[in-house]
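2 protein chains.
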Amino acid sequence: MEAMKIDLLIHSASQVCVVPGHDGPQRGGRLGDLGIIENGAVAVADGRILETGPSADLRARYTAETTIDAHGRCLTPGFVDPHTHLPWAGDRAHEFEMRLGGATYMEIMAAGGGIMSTVYQTRAASLEQLVVQNLPRLARMLAHGTTSAEAKTGYGLEKAAELKQLDAIWQLNQRQPIELAATFLPAHAVPEEWSGRTDDYVQHIITELLPAGADWMRRRQTTLFCDVFCEAGVFDVAQTRRIFTRAAELGCRLKVHADEFEGLGGTKLAVELGAVSADHLVKTPDADIAALGQGNTVAVGLPGTPFGLGHSEYTPAKAILAAGGALALATDLNPGTTWCESMQMVMALACRYMGLTQAQALAAATLNSAHAIGRGDEIGSLEPGKQADILILDVADYRQLGYRYGTNLVKMVIKQGSVVSKQ
Amino acid sequence: MEAMKIDLLIHSASQVCVVPGHDGPQRGGRLGDLGIIENGAVAVADGRILETGPSADLRARYTAETTIDAHGRCLTPGFVDPHTHLPWAGDRAHEFEMRLGGATYMEIMAAGGGIMSTVYQTRAASLEQLVVQNLPRLARMLAHGTTSAEAKTGYGLEKAAELKQLDAIWQLNQRQPIELAATFLPAHAVPEEWSGRTDDYVQHIITELLPAGADWMRRRQTTLFCDVFCEAGVFDVAQTRRIFTRAAELGCRLKVHADEFEGLGGTKLAVELGAVSADHLVKTPDADIAALGQGNTVAVGLPGTPFGLGHSEYTPAKAILAAGGALALATDLNPGTTWCESMQMVMALACRYMGLTQAQALAAATLNSAHAIGRGDEIGSLEPGKQADILILDVADYRQLGYRYGTNLVKMVIKQGSVVSKQ
Chain A
0 MEAMKIDLLI
10 HSASQVCVVP
20 GHDGPQRGGR
30 LGDLGIIENG
40 AVAVADGRIL
50 ETGPSADLRA
60 RYTAETTIDA
70 HGRCLTPGFV
80 DPHTHLPWAG
90 DRAHEFEMRL
100 GGATYMEIMA
110 AGGGIMSTVY
120 QTRAASLEQL
130 VVQNLPRLAR
140 MLAHGTTSAE
150 AKTGYGLEKA
160 AELKQLDAIW
170 QLNQRQPIEL
180 AATFLPAHAV
190 PEEWSGRTDD
200 YVQHIITELL
210 PAGADWMRRR
220 QTTLFCDVFC
230 EAGVFDVAQT
240 RRIFTRAAEL
250 GCRLKVHADE
260 FEGLGGTKLA
270 VELGAVSADH
280 LVKTPDADIA
290 ALGQGNTVAV
300 GLPGTPFGLG
310 HSEYTPAKAI
320 LAAGGALALA
330 TDLNPGTTWC
340 ESMQMVMALA
350 CRYMGLTQAQ
360 ALAAATLNSA
370 HAIGRGDEIG
380 SLEPGKQADI
390 LILDVADYRQ
400 LGYRYGTNLV
410 KMVIKQGSVV
420 SKQ
Chain B
0 MEAMKIDLLI
10 HSASQVCVVP
20 GHDGPQRGGR
30 LGDLGIIENG
40 AVAVADGRIL
50 ETGPSADLRA
60 RYTAETTIDA
70 HGRCLTPGFV
80 DPHTHLPWAG
90 DRAHEFEMRL
100 GGATYMEIMA
110 AGGGIMSTVY
120 QTRAASLEQL
130 VVQNLPRLAR
140 MLAHGTTSAE
150 AKTGYGLEKA
160 AELKQLDAIW
170 QLNQRQPIEL
180 AATFLPAHAV
190 PEEWSGRTDD
200 YVQHIITELL
210 PAGADWMRRR
220 QTTLFCDVFC
230 EAGVFDVAQT
240 RRIFTRAAEL
250 GCRLKVHADE
260 FEGLGGTKLA
270 VELGAVSADH
280 LVKTPDADIA
290 ALGQGNTVAV
300 GLPGTPFGLG
310 HSEYTPAKAI
320 LAAGGALALA
330 TDLNPGTTWC
340 ESMQMVMALA
350 CRYMGLTQAQ
360 ALAAATLNSA
370 HAIGRGDEIG
380 SLEPGKQADI
390 LILDVADYRQ
400 LGYRYGTNLV
410 KMVIKQGSVV
420 SKQ
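Protein chains in written order, with numbering that gives the first Met the number 0: chain A, 0 to 422; chain B, 0 to 422.
Chain A on its own, in the form it takes in the complex:
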């Protein structure tokens, strides 16, 4: 039998972590099934996974344009980061310093800090400046193993700036290897111009901003998520429902920021409306956790956020899993609360503060996070037919992920069959 010619064969890996999804995310007690093949190989053709299996077997059956010997290394799916606040302009290192120096929230606001600081910087940036400032952040994400991510608006909070953020996401998608799913979040905060008139701003979102976002989506012939920061003092559940109802009518899929500081019922609403994900989920009420077990909304834990703020309470992962929920992980990368591009760091936090094992954290950061951006059928695992988004780790055992932290264990990143980053 003659060997079949393919594009890429990665062989002799100490472990190939397939992270099998079958027909959905790994829910509840199933989370952490890595489907490990020892001394394994991955065959790639046309940018997709053709087959995984024992190294000797695949080496006998395929010859490849490019062959990579992964002896002593572990292969995993590329990380999917389903919640970032890219793209933004500027930084808030000075505000962080003020906070550490003992400044109160009001003092920081008076000094021009807080979310509006990033809003003004993002509004002031040109589209090209916004793109150029965010390319190095994406390069860091890629070097640390993220091959697909979500990016969102929400630092514009006015029509032109929100659309500029969408255009920046579009351009960033073309100008580097990470695939970005776009989310529209004019309901990130009530901007100063609308201060004290939240209902009016909600109406403005519904009549002006959402149609503009939907128009952008149609022109770009892409998909668009709509997200709302459903939180005490920001948007309540009734306002969130109004925005989501209109967004769904306009063809958007839904995501929600819920329960970061108080449990208002945003998670239950998300499940009711069939949202793709509900994110943060620190103060989630029991009834909302139970709802996650019944519905198809993926719970996204963002442990970088409480860590970034020095808080001690994290997403109740064990309760969510006990209820049969699907749990994913994301960075929440943003300049205010947590500037960390690395999903490896997020996994290390999830092991220590959410009680996940390394295997659970890895499945949550790949297969389940792919489902959290509605792309679980395309990415997030090394199953045949999926995109060949593959990490070659600098270690032989996946259990080094989460155990070691603060550095980069990714040796090589492969996106759709091509090597796009090497350390």
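Please note that a few of the clues may not be correct.
[Unchecked claim] Computed beta-carbon distance windows for the label pairs:
(1) Thr206/B x Gly309/A: 43 to 49 Å
(2) Asp56/A x Ala138/B: 41 to 47 Å
(3) Gln422/B x Gly309/A: 24 to 30 Å
(4) Gln293/B x Thr197/A: 55 to 61 Å
(5) Met105/B x Thr221/A: 40 to 46 Å
(6) Met105/B x Arg29/A: 26 to 32 Å
(7) His70/A x Asp56/B: 26 to 32 Å
(8) Leu134/A x Ser417/B: 27 to 33 Å
(9) Gly100/B x Gly384/A: 30 to 36 Å
(10) Met105/B x Asn295/A: 40 to 46 Å
(11) Glu127/B x Glu106/A: 40 to 46 Å
(12) Gln293/B x Pro284/A: 49 to 55 Å
(13) Gly111/A x Glu127/B: 21 to 27 Å
(14) Gly384/A x Ala109/B: 41 to 47 Å
[What the hints assert, rightly or not] Straight-line Cα separation of at most 20 Å, SDA-like style, residue types lysine to any residue; simulated pairs:
(15) Lys317/B x Glu96/A
(16) Lys158/A x Gly250/A
(17) Lys421/A x Gln422/B
(18) Lys410/B x Ala92/A
(19) Lys158/B x Ala142/B
(20) Lys385/B x Ala138/B
(21) Lys421/A x Ala138/B
[As the list claims (entries may be wrong)] Among the chain B residues that face chain A by a calculated CB cut under 10 Å, a handful are:
(22) Arg91
(23) Leu249
(24) Cys350
(25) Ala358
None of these hints come from the bench; they were simulated from the model. The model shown is predicted, which means the values in this text are computed figures rather than measured ones. Just so you know, even glycine gets a beta-carbon here, dropped at the ideal spot from N, CA and C.
Fit chain B to the known structure of chain A by using the hints.
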């Protein structure tokens, strides 16, 4: 006036953080004085800092063999990591997984886990294996900006293996750029062979191991620290005093592991005996904090350790500073509680959990940590005459350190005037 010819000129840096020490560490409220020169330059000759100053001034007065344009970048002293447990063999990722899976301490011990697991792996390794396994860890440290560090024994716990660890430190010193200060720690734990006979093991240390360590020190014509794990259930204060008294007679300088789980008085003892540093200091009693303010012993916070264990209590930095103490930071890099090579990550933890500002964390990780290994006159700042151990950061402002975390903000590492790492 003709320009003077020198080896290296780094110019046009947005900030040069000198971290002036004058005649000692930055104590108490003085911690965080960075002596920043904006649009600055550093002149280097014969591997040492010749001068720092305004870029225009130094460019007019010097021509250099090698010139580096640091436009948009910040320069700092190389990080000094004064507490690691290098060199060791193997890892304990499986033990970490068991712990996350809910295994008790006793179950982990029964499965062959705990410190003795690393002791057996380290005893079984040949000298060359021990060296080769630890080179990549040092390479990661270097890439993240550590230019000098401490390394110690304590995974041998018997004469031959303790001396093998010292020889490994010696060889590691020759085979990569980071300078290592050696510490002798046969009093890291009571090995299984001496279980229940702690006093006998202490006597064995005094009569057999310390003389062997001192003999090694004389043969190598180097300095050697002696350290004791002074902790409830391990070595008490009286045993620690006996070991230290003999070590000092033999010419060793002193360091101590104290107050990690209980405050026994090890810190006060360290100050009394003029130890160079007292490390961990989580449960340090008030009287011991006051002693730090009076003596010359540097307090070394190791925030990676409580973080690694998922604990919530950290070194009381503010109380130590309020008492006028000198505070340094270190990784505690080890396979059991915290495997993180990055001093940047340690600074990020210190900002969030010890309440340090970024400037305080930077001074604690450079000048003060140099004093914590007795080398404050040679390294840890960019003052004239000191070794030219310099970091070029990928950011314009030092305040990005600590604020951003989980990635590597170091662009280039210069050791004794030579570029030794680039990202």
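Practice task
Mind checking the hinted window 49 to 55 Å against the Cβ distance between Gln293/B and Pro284/A?
Solution key: Since Gln293/B and Pro284/A have Cβ atoms about 52 Å apart, the given range 49 to 55 Å holds.
Practice task
Indicate whether the distance between the beta carbons of Thr206/B and Gly309/A respects the range 43 to 49 Å.
Solution key: holds, 48 Å
Handout entry: Holds or violated: Lys421/A to Ala138/B, with C-alpha atoms at most 20 Å apart
Key = Distance of about 16 Å is within 20 Å: holds.
Handout entry: Assessment of proposed distance window 41 to 47 Å (beta carbons of Asp56/A, Ala138/B)
Key = violated, 35 Å
Exercise for the section: Report holds or violated for the interface hint on Leu249/B, using the least CB-CB distance to chain A and a cut-off of 10 Å. Expected result: violated, 36 Å
Handout entry: Satisfaction of the hinted span 40 to 46 Å by the C-beta atoms belonging to Met105/B and Thr221/A
Key = For Met105/B and Thr221/A the Cβ distance comes to about 55 Å; the hint is violated.
Problem - Cβ distance range 27 to 33 Å for Leu134/A and Ser417/B, holds or violated - result: holds, 31 Å
Exercise for the section: Hint says 41 to 47 Å; check whether the CB-CB distance for Gly384/A and Ala109/B agrees. Expected result: Holds: the Cβ-Cβ distance is about 44 Å, inside 41 to 47 Å.
Problem - Asn295/A and Met105/B - C-beta distance against the hinted 40 to 46 Å - result: holds, 42 Å
Exercise for the section: Verify the interface restraint on Cys350/B: the C-beta must sit less than 10 Å from at least one C-beta of chain A. Expected result: holds, 6 Å
Exercise for the section: Note whether the CB distance of His70/A and Asp56/B lies within 26 to 32 Å or breaks it. Expected result: This hint is violated: roughly 54 Å between Cβ atoms.
Exercise for the section: Hold the hint about Arg91/B up to the distance rule: shortest CB distance to chain A must be less than 10 Å. Expected result: holds, 8 Å
Going down the numbered hints, you'll see the structure goes against 2, 5, 7, 11, 13, 19, 20, 23, while the others check out.
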